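**Q** Chain A is already provided as a structure; the job is to place chain B on it using the hints.
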Amino acid sequence: MTNDQIKQAVTQIISVIAPDEDLSQLKSDVALRDQLELDSMDFLDIVMELRKRYKVEVPESDYPQLASLDSCVAYLAPKLKDK
Amino acid sequence: MPPTHYDVIIIGAGMSGLAAAIRLAYFNKKVLVLERHYAAGGLNSFYALGGHQFDVGLHAMTNYVPPRTRGAPLTKIYRQLRLTPEDFGLVPQHQSEVRFPGRTLRFTNDFEFFVQEVIENFPAQKDNFLRLVRYIREYNELDLDAKPVSGRQVVSNFLTDPLLMDMLFCPLMIYGNAEERDMEFGQFVVMFKSIFCEGLARPREGVRRIITVLRRKVREVGGTVRMKCGVKALRVENGRVKSVELDNGETLTADVILSSAGYVETMRLCGDGGRETLGPLEGRISFVETISVLDEPMKALGHDTTIIFYNTGKEFHYEVPADLVDPCSGVICCPDNFLYDKPPSQSMIRFTCLANFDRWASLDEPDYAQAKAEWLPRIHQEVLKFVPDFRDHIVFTDFFTPRTIKHWTGHANGAVYGAPRKLKTGRTHLDNVFICGNDQGFLGIIGAMLSGISMANLHVLKK
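Protein chains in written order, with the numbering used here: chain A, 1 to 83; chain B, 84 to 546.
Isolated chain A, as found in the complex (with noise of 0.2 Å):
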């Protein structure tokens, strides 16, 4: 996957966890916390998500490296790119 596409898998992830949320002016440079109510069984739910479609395992100490769509794209891209 490119750094887009993973940017865009973990937004359409955040849409089916909170779809109240509007996610048309999300920053990628921000946290995701300081833009979006967002507290830690949906940090949970990010998590699953990536192992349910992507087979890929965060485990819980990494956490804080999915803080911003950016830092998602860094941590996640050396897991994802041969998907």
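Be a bit skeptical, because a hint or two may be false.
Under the rule of at most 25 Å between Cα atoms (straight-line distance), these lysine to aspartate or glutamate pairs were calculated in the DMTMM-like manner [what the hints assert, rightly or not]:
| # | chain 1 | residue 1 | chain 2 | residue 2 |
| --- | --- | --- | --- | --- |
| 1 | B | K112 | A | D42 |
| 2 | B | K300 | A | D39 |
| 3 | B | K112 | A | E57 |
| 4 | A | K52 | B | D90 |
| 5 | B | K276 | A | D39 |
| 6 | B | K112 | A | E60 |
| 7 | B | K112 | A | E49 |
| 8 | B | K159 | A | E21 |
| 9 | B | K507 | A | E60 |
| 10 | B | K159 | A | D20 |
| 11 | B | K159 | A | E37 |
| 12 | B | K159 | A | D42 |
| 13 | B | K546 | A | E57 |
| 14 | A | K55 | B | E303 |
| 15 | B | K112 | A | D39 |
| 16 | B | K113 | B | D90 |
| 17 | B | K545 | A | D62 |
| 18 | B | K159 | A | D34 |
| 19 | B | K276 | A | E37 |
| 20 | B | K382 | B | D475 |
| 21 | B | K545 | A | E57 |
| 22 | B | K112 | A | D62 |
| 23 | A | K52 | B | E303 |
| 24 | B | K159 | A | E60 |
| 25 | B | K159 | A | E57 |
| 26 | B | K546 | A | E49 |
| 27 | B | K545 | A | D42 |
| 28 | B | K300 | A | E49 |
| 29 | A | K55 | B | D90 |
If the Cβ cut is set under 8 Å, some of the chain A residues that face chain B in the computed set are [to be verified]:
| # | residue |
| --- | --- |
| 30 | A18 |
| 31 | D20 |
| 32 | E37 |
| 33 | M41 |
| 34 | L44 |
| 35 | M48 |
| 36 | K52 |
Please keep in mind that the hints were generated in silico from the structure rather than gathered at the bench. All values derive from a computational prediction rather than experimental measurement. By construction, the Cβ of each residue, glycine as well, lies at the ideal position given by its N, Cα and C atoms.
**A** Only chain B this time, still in chain A's reference frame:
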């Protein structure tokens, strides 16, 4: 042939079990829900009798917030279960009341209205009450590691008027307290937020709507529910449940058991009664409820209040009564009095009072029927202090007792809210057995779903 193996077996198709099943199956776990009865819902179920449709449990759903309210438990549930507000179709209440001799506190789904009611009725308590509200707002009742503290003690650090204290405790205890006389402060906060800060609502079709939605969702995401399929025993080896034996003799295995049967009840399935004495851990709070179908809505008789929590005694006593029923306090619920677009297909009124399980359980069949016949008019006599006389409009009445509750929920003593001591983390002394639902400690329908979700997340998905 080896027994069928599951990732997770869930005991009980109530709100918590179904919610847990949705989470787990959605994330590709092989999940089986086992339900002893032919109806799902557990404490919150529905039935038909005499050609009428009845709900058990659900008077109103607490925790109501308008769609898209951020951060609220109800919003969390929609998200976690991948449901929408339209799925539940919740209709907000009109107005409810707490009524004690000489004093009435009205409340709506607008918390500020309730704050003003308290201030007007108890002007001397104004600052104390506002300080208590701030403390409650900031309290993290979802902290799974919090130590239990006495609610009466904490609240008395703020309020100095025992009548106001009782009027706050009354609805919160009746709607969700397993303990006699006192209420753990975390539970008090959960209930305070869910009833006063948030609010009451109900689907026009009653609880069947919620259960139908949850069951449909379980199916959609690939979970299985087996009805009329009780668990006879959990076979334990080396601190783990090795296999699950069903009433029909079948044996199944699972990596994890999530039980909504209650803590004591689950331990008894493990044949583990000797480990600690389980009897004293049982809950004792139970109720009778009468549900009458009316030929006219209560509104036509001049009564448009949704729910009344009442107490006619000098003090409010939340404890197992010595007699079969304590009619001096209870709940009056008019399921018609929610703000529906069109009225429900049948009009009803429901009364709920504290009751003594042992007394009801000891009656033989003729005496049992006789006791119901005797108590119905006594309850009516008491509630007529608060509602217009509806008795000529009764078409049909059903009356259920702690004995009925035990039959349908399997809870020892028909204890509606389970055991007083809650296991917030859901952990038991067995490595792969976790408790969800009532005895985990999030109460009410929304609480039950949140409990199933949290335990599924914590003990299975996060692993």
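**Q** Are the hints correct? Go through all of them and say.
**A** Structure-based check of each hint:
no.	hint	in the structure
1	B:K112 <-> A:D42	holds (19 Å)
2	B:K300 <-> A:D39	holds (23 Å)
3	B:K112 <-> A:E57	holds (16 Å)
4	A:K52 <-> B:D90	holds (16 Å)
5	B:K276 <-> A:D39	holds (19 Å)
6	B:K112 <-> A:E60	holds (19 Å)
7	B:K112 <-> A:E49	holds (13 Å)
8	B:K159 <-> A:E21	holds (13 Å)
9	B:K507 <-> A:E60	holds (22 Å)
10	B:K159 <-> A:D20	holds (11 Å)
11	B:K159 <-> A:E37	holds (11 Å)
12	B:K159 <-> A:D42	holds (9 Å)
13	B:K546 <-> A:E57	holds (11 Å)
14	A:K55 <-> B:E303	holds (21 Å)
15	B:K112 <-> A:D39	holds (23 Å)
16	B:K113 <-> B:D90	holds (5 Å)
17	B:K545 <-> A:D62	holds (13 Å)
18	B:K159 <-> A:D34	holds (18 Å)
19	B:K276 <-> A:E37	holds (20 Å)
20	B:K382 <-> B:D475	holds (15 Å)
21	B:K545 <-> A:E57	holds (11 Å)
22	B:K112 <-> A:D62	holds (23 Å)
23	A:K52 <-> B:E303	holds (16 Å)
24	B:K159 <-> A:E60	holds (21 Å)
25	B:K159 <-> A:E57	holds (24 Å)
26	B:K546 <-> A:E49	holds (15 Å)
27	B:K545 <-> A:D42	holds (12 Å)
28	B:K300 <-> A:E49	holds (17 Å)
29	A:K55 <-> B:D90	holds (18 Å)
30	A18	holds (6 Å)
31	D20	holds (5 Å)
32	E37	holds (4 Å)
33	M41	holds (6 Å)
34	L44	holds (6 Å)
35	M48	holds (5 Å)
36	K52	holds (6 Å)
Comparing the model with each earlier hint shows no violations; every hint is respected.
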